[in-house]
Amino acid sequence: LTNATACDAELGTVPDGGSDIPIVRGERREYTLSPDVTPRGTFYATSTVTQVLAQQDSLKAASDSTRLLMHTGSERILDGLCHEFGVSSESSVVAPSYRVLREYGNTIGCSVPLMLADPTPWPEGSALMVAFGLSFSCGAGVMTVPQGGWAA
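Residues 226 to 377 in the working numbering are what the sequence shown lists, from first letter to last.
For the record, the hints were derived by calculation from the structure and aren't laboratory data. Just to be clear, a hint being listed does not mean it is correct.
Label pairs and their computed distance ranges (CB to CB) [stated by the list, open to error]:
(1) Ser313 - Pro264: 20 to 26 Å
(2) Gln372 - Asn331: 32 to 38 Å
(3) Ala231 - Arg324: 34 to 40 Å
(4) Pro260 - Asp282: 37 to 43 Å
(5) Gln372 - Ala229: 35 to 41 Å
Cβ atoms here follow ideal geometry from the backbone N, Cα and C, with glycine treated the same way.
Model the full structure from these sequences, guided by the hints.
Here it is as structure tokens:
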């Protein structure tokens, strides 16, 4: 799913010089995010997951997954997605997402691969992956964890 509405492309802005030459104040670059980022990110993630689940048979609901790997935009986004998907934020199912956020912060596009490298053994079953980013786009997929589980 990409840019469901035209204004979604403008939710994150880099004033003046754009991404190549952002405003720098002291040591930090200044970027601006709209307050609509969290609700639009939630919309994209839930819409995309709904579409993915409708197109396959191994998983009927996000809450049935053995692992739910969600992009680590912020704790607020993770908490909101847990609520939308009916999974406790304290669940081991989402622990890799919160671990990556805690250890690395918002890693933009590489949060899901970092979760795939999680050293905690995974139970067998279906794992759901969902990632999204500004401008706005989202992708999701279901991964089968083989009988006996898996460890990175």
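Now the hints, each set against the structure:
no.: 1; hint: Ser313 - Pro264: 20 to 26 Å; in the structure: 21 Å, holds
no.: 2; hint: Gln372 - Asn331: 32 to 38 Å; in the structure: 35 Å, holds
no.: 3; hint: Ala231 - Arg324: 34 to 40 Å; in the structure: 36 Å, holds
no.: 4; hint: Pro260 - Asp282: 37 to 43 Å; in the structure: 38 Å, holds
no.: 5; hint: Gln372 - Ala229: 35 to 41 Å; in the structure: 38 Å, holds
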